[in-house]
Amino acid sequence: LLIGGGMACCGAAFEAMKWVEEARKQGVELKVKLVDKAAMSRSGAVAQGLSAINTYMGENDPSDYVRYVRQDLMGITREDLVYDVGRHVDDSVHNFERWGLPI
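One point on numbering: in the numbering used here, the residue at position 7 of the sequence shown is 7, and numbering is uninterrupted.
Hints in this document: simulated from the structure, not taken from any laboratory.
Keep in mind the model is a prediction, meaning the values are calculated, not measured.
Every residue, glycine too, gets a C-beta built ideally from N, C-alpha and C.
A couple of the hints might just be wrong.
To be verified - Simulated DEER-style distance windows between Cβ atoms:
1. 59 x 23: 30 to 40 Å
2. 40 x 75: 16 to 26 Å
3. 68 x 26: 20 to 30 Å
4. 64 x 37: 14 to 24 Å
5. 16 x 37: 33 to 43 Å
6. 17 x 87: 17 to 27 Å
7. 27 x 73: 41 to 51 Å
Given only the sequences and the hints, what does the whole structure look like? Please build it.
Take a look at the structure:
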């Protein structure tokens, strides 16, 4: 059960379907349900025209992102987690672009 219709929850639903498909191959039936209190087209900050994506790695290395976050948060960070975000954020942004979201 995923609650919310914003970009994060929609992205989680998309990713969850990869696990559902893998489970189906093994004979296990899983379901993903996404619920929201409003129309999906009006949910979350991105649907309202606000900027919610402020990270894109491009040609930078994830370690560059770690340095940026460490400095921005005055050293209070889990660098291993920040590095993982840096490794995967571009894939997420590309998904959102394919879905037609204004990036």
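The hints, checked one at a time:
1. 59 x 23: 30 to 40 Å: For residue 59 and residue 23 the Cβ distance comes to about 37 Å; the hint holds.
2. 40 x 75: 16 to 26 Å: violated (39 Å)
3. 68 x 26: 20 to 30 Å: violated (41 Å)
4. 64 x 37: 14 to 24 Å: violated (38 Å)
5. 16 x 37: 33 to 43 Å: violated (20 Å)
6. 17 x 87: 17 to 27 Å: holds (21 Å)
7. 27 x 73: 41 to 51 Å: holds (45 Å)
Checked against the numbered hints above, the structure breaks hints 2, 3, 4, 5 and satisfies the rest.
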